[in-house]
Structure formats: C-alpha cells, structure tokens
Amino acid sequence: MNGAGIIKGMIETARNLAGSYYDPGRLTTVQYPEEKLPPVENARTIPFLVYDGADPMAGLRCTACTICEKECPPQCIYIVKDQVKKPDYLGKMQLQPKVFDIDISVCMSCGICAEVCPFDAIKMDQVFELSTDDRFGGLLFDKTKLAKPNDYFAKLHRTEAGETDARREDDKRKAEAAAAARAAAAKESALEGSAP
Amino acid sequence: MIAPSSSVEPAEAGLASQMLEVSLGPQHPSTHGVFRMDVTLEGETVVKLKPVFGYLHRNHEKIAENFSYLASMPYTDRLDYFCSLTNNWAYALSVEKLTGLAAPERAEYIRVILAELTRLVNHSALAGFLLQDMGALGTPLMYAFRERESILDLFESLTGSRMMCNYMRFGGCRCDLPPGWLEQARGLVARFPSFLDEFEALITNNEIVRARTEGVGVLPAKLAVNAGVTGPMLRASGVNYDIRKVDRYGIYGRMSFRVPLGGRGDVFDRYMVRILEMRESLKILDQALRDIPGGPIMDPKAKLRNLRPKPGEAYGRIEAPKGELGFYLISDGGPNPYRYRVRPPSLINLTILEDMCLGHTVADAVVILGSVDIVLGEVDR
Numbered sequence: 001m002n003g004a005g006i007i008k009g010m011i012e013t014a015r016n017l018a019g020s021y022y023d024p025g026r027l028t029t030v031q032y033p034e035e036k037l038p039p040v041e042n043a044r045t046i047p048f049l050v051y052d053g054a055d056p057m058a059g060l061r062c063t064a065c066t067i068c069e070k071e072c073p074p075q076c077i078y079i080v081k082d083q084v085k086k087p088d089y090l091g092k093m094q095l096q097p098k099v100f101d102i103d104i105s106v107c108m109s110c111g112i113c114a115e116v117c118p119f120d121a122i123k124m125d126q127v128f129e130l131s132t133d134d135r136f137g138g139l140l141f142d143k144t145k146l147a148k149p150n151d152y153f154a155k156l157h158r159t160e161a162g163e164t165d166a167r168r169e170d171d172k173r174k175a176e177a178a179a180a181a182r183a184a185a186a187k188e189s190a191l192e193g194s195a196p
Numbered sequence: 001m002i003a004p005s006s007s008v009e010p011a012e013a014g015l016a017s018q019m020l021e022v023s024l025g026p027q028h029p030s031t032h033g034v035f036r037m038d039v040t041l042e043g044e045t046v047v048k049l050k051p052v053f054g055y056l057h058r059n060h061e062k063i064a065e066n067f068s069y070l071a072s073m074p075y076t077d078r079l080d081y082f083c084s085l086t087n088n089w090a091y092a093l094s095v096e097k098l099t100g101l102a103a104p105e106r107a108e109y110i111r112v113i114l115a116e117l118t119r120l121v122n123h124s125a126l127a128g129f130l131l132q133d134m135g136a137l138g139t140p141l142m143y144a145f146r147e148r149e150s151i152l153d154l155f156e157s158l159t160g161s162r163m164m165c166n167y168m169r170f171g172g173c174r175c176d177l178p179p180g181w182l183e184q185a186r187g188l189v190a191r192f193p194s195f196l197d198e199f200e201a202l203i204t205n206n207e208i209v210r211a212r213t214e215g216v217g218v219l220p221a222k223l224a225v226n227a228g229v230t231g232p233m234l235r236a237s238g239v240n241y242d243i244r245k246v247d248r249y250g251i252y253g254r255m256s257f258r259v260p261l262g263g264r265g266d267v268f269d270r271y272m273v274r275i276l277e278m279r280e281s282l283k284i285l286d287q288a289l290r291d292i293p294g295g296p297i298m299d300p301k302a303k304l305r306n307l308r309p310k311p312g313e314a315y316g317r318i319e320a321p322k323g324e325l326g327f328y329l330i331s332d333g334g335p336n337p338y339r340y341r342v343r344p345p346s347l348i349n350l351t352i353l354e355d356m357c358l359g360h361t362v363a364d365a366v367v368i369l370g371s372v373d374i375v376l377g378e379v380d381r
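The listed protein sequences derive, respectively, from chains B and Y. Mapping of the first sequence onto the working numbering: position 49 corresponds to residue 49, and the numbering continues sequentially without gaps. Mapping of the second sequence onto the working numbering: position 290 corresponds to residue 290, and the numbering continues sequentially without gaps.
Incorrect hints may appear among the rest.
For lysine-lysine, the following DSS-like pairs were computed, each having C-alpha atoms within a straight-line distance of at most 25 angstroms [unchecked claim]:
#, chain 1, residue 1, chain 2, residue 2
1, B, K187, B, K172
2, B, K70, Y, K62
3, Y, K222, Y, K245
4, B, K70, Y, K301
5, B, K70, Y, K310
6, Y, K303, B, K70
No wet-lab data here; the hints were simulated from the structure.
Using the sequences provided together with the hints, build the complete structure.
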C-alpha cells in the first residue's frame, strides 16, 4: 500500500516521543550547566604539573628534561631550564624548570606529554570550562598556574595514581636502602683505611 | 555566488535559455564540511559538476614528516574525525609493518572491537546525515546520534576522549580496558539491533526515501573499480571487495561475517549496504567480545620514544568505515618518516561525484554527495 511505510515511520516517532516520558533511557540529554555528568576516570583535557608537599614550586616533580617539549605534537610547551638544582624524591639533585609554559589554546589534549614523561611530573587534567575573555594571556598557563598537588591527581585518576604512588614509594625505599648500604660500605672502607 | 555562465552553450539553441553556474558551498550545510561543488545547471538539471576541495588543508603529511612517529598518532585522529580509532589502527599497522613489531593477542581483539564500534558510529551517523540531506530534518539524525553517543561513552571511558581517541600504539594499545568495560560493550551490542530495527522501520520502506534514492546516482561497477572507489560505495555497486576479507589483517581471518553487496549501485543500495554492514559488525563484535583473551596489550619490544625503523618502506591498509585507508611510509633510518602519505578513502570516492550526478537535479546532487560519505578532514588532510 502506498504510504504504509510513512505511517509505520510515524508510529516509530510517536513511540519514541511517548517513550521519552516514562523511559529514562530514551532521555539522553543532560541539562548542562545546571546538571553535570560525573567525570570519567580516563578523561583528559589539558596537562598539569604534579607537585609533592606543601610548596608548589619547591615540590614540582618536573626536572626540565624537555622530553614533553620535544614530543608534543602541536609544540605548545615551552621550557627554560633553571641553573639551580634541587633534590628530587630520591635525594638526587635534579634540574628544575625556570619557565614552564603551556599554550592551552594550541594544546590538542592528546596526552602524549603525560605518556612520555619519565618522572610522572605531567599528567592530564579534566577541567573543561576554560573560556576566558583574555585570548592570549588568559590561555597561556605558566608553571604556577599549572602546578597541582598529587592529591588532586589521585582524585582524578584513581587507578593510575595508585600505581604511580606505589612505584615511587618502592623506588624511594630502594634508594634509601642503597644509600644505607653505600653509607655502611663507606664506613667499612673508612675503618679499613684507618687500620694499619 | 550565482552568475550566468558564458562558457557553456545552451543545450537547445533555439530556446532562449542560459546555463546557471551555482557555487554550492563551502559553507553550505549539506556539503558535510567545507567542500564546494561548482555546479552548472540547465533548469534544475546538473550538466557539469566540479568538486573543489582544499579548504581544510592542514599540511598533515608534511607535519608528520617533521615529527617523530609517535607524534603523528594524535594527528591521525583528525583525519576522519568520526572514525579516529580506525585511523589510529591503519597508521599503527603501517608502522608495525615498517618496524616488525606485532601486537599481542589481546590488543588485536581490542582493536577489532574498537574498529567495529567505530563502524557502527560512522554508519549510523551517515544514515542520519543522508536523511538530513533528503530533508528529514533532525529526527532520524538525532536517533542515530543517540546511539552514537552511547558508543562514544565507551570510547571515553577507555581512551579518555570521545572523538580524538589517540589510543593505538605501535605494537599494541595504550592502556588496558577499564573494569566493567567489556560488560558495558556487550550490553551495547545486545541493544544495538533494536535500534537498527527501529531505524529501518522509520526509514527503509518510507515511500519518500525510496523515491528520492532508488535509481539516483547510479555508479556502475566498472567505473567504480577503474576510479579506485573502495568501501561501502564499491560494494553497493556489486563488487565483492572488502579488505577485511582480502588482507585478513589483525584477527579478521578468525571472524565469521558476510560482506553485503548491492545490485544497482544507486543511493538506496549504498544506504542499505551500510545498514547491513552494521548488522555484520554486530556479529563480529559478538565473536570478539566473547573470545577476547587476557594477557599483555603491548609488544615487549615496543618502545614509545626514539623509534628509528630500519630504512625501508611500508604500506599498511585497513577497511575503514569509508573504504580503504592506507598509510605509506618511507623510513631513512631517522627518528621521523622520510615520506608519509595517506591514502584517504573519502577523497578517492569523491572523484566520481560528477559521473554520478550528471543528469540529476540539484536536490539529488546533494543526496548523492551525502551517500558518498565524506569527511573533509580526510579529503583535505
């Protein structure tokens, strides 16, 4: 019959319309910004710098190795190394960034910087309400603006942060054990040296 | 943008008529992005059509030649931004060919699952957009997008991004599936056929859709083969060529599925082939989600940075939702490719647009373009 297909289609739309009143599965729209979806653990937007301890600048994990700067596909990271070194969590002296800027208007949220970082220093944030009326300065984040505590990272990416913290804890224990062994060996050799 | 043309002679010299050149696009809503068709019309009939592209050119290939192999991966997401995961796979496959890395079993299964989910995303969105081009504003597109969104939720929980997934790596995948992901995917696959039935009830036998699509934009099989058309476009013309069957890349050799073929090669066949392909994709997904093994997801030899393949060349290709997507790489032993070339299905499928549109009306030209299934990110690169 001519028109049967159209009527069948109409029934389908009517079913969807009526269904949307009682079946919450058919109502997929979320009334943002009044209502927000819970964040997804793996979600990523822009990078941030992780710091340990209370002072953001003293606790920055970044060692200014510039791997992320080199690997960044849109080249939005700019790093200048500081001449002054500071000890890292293992007690080793490491470089630190004097300048660490990310132009988030260029950043394409790929997460490669976080992936290649060997120091767990740069991770992906989940903030997305980044609009500003200052096009240039407002979207160029420096290291003070990028620094976020490790607890924040743990809150965003629970699984990944758990693994990272466990690994770092392990490294620290090993480093301490090695340092103790070195100290003991040094003491022993000193004793041997003093003996005639 | 409308100007009387002097270059084309009127067909009937006796009649005082003039050809009309219309520049459809690049901002025309039904050109699927920044694409322009310079159409010459006689009345409403298309007598000449010139596709103009390049508005979205981003220098992707040259950028890739100046960066490490890894840094090009997120750029491949932006080729065909509906199907970032298949783009990732094609690029990963060609680098794996170049370096001799091999993805472990579990990673291969994850890749197949994601590629078939991507096919569902692409084809459902295409079906919606095709209807939009025919004037069915909104409703079918929104139904298609509703399903697409639930698949994108899966992508987001796995890869961290809904569209720009940047997930596959040379020799495996970036991260393992989060807990509960497979159950969620199984639920989606179980739910999807009911959406397809609903969508088909809405569309397939609709008399207006039939009248607008049957016999419109016929692509003969011979022309399709000669022009290098691939994917659902080619299969709708009745040529049995599916790279999943021909190359059996990944683990497609183990999957049992059929390749839907069209008969006439008109717009309706192209629509129908895609609907049937979605049903076959669901079969593949069923098998892959059932059989997925545990184990590592990265080749132990793989390294993220400082990848320096031996000098040589490789061409990796996959059956992307739109057709054959290939990446051709030449390595000179350095950290970045010496030559990086993308073979985009959209661009090559677009070359026969004029042949399909001649003799049809402008309104049909829009529908025919919709049935080609282009994404300008891939056409222009």
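Hint by hint, here is what the structure shows:
1. B:K187 x B:K172: Since the Cα atoms of K187 (chain B) and K172 (chain B) sit roughly 22 angstroms apart, the hinted pair holds (cutoff 25 angstroms).
2. B:K70 x Y:K62: holds (17 angstroms)
3. Y:K222 x Y:K245: Given that 25 angstroms is the threshold and the Cα spacing comes to 21 angstroms, the pair holds.
4. B:K70 x Y:K301: holds (23 angstroms)
5. B:K70 x Y:K310: Status holds; Cα separation ~22 angstroms.
6. Y:K303 x B:K70: holds (16 angstroms)
When each numbered hint is compared with the structure, no violation occurs for any of them.
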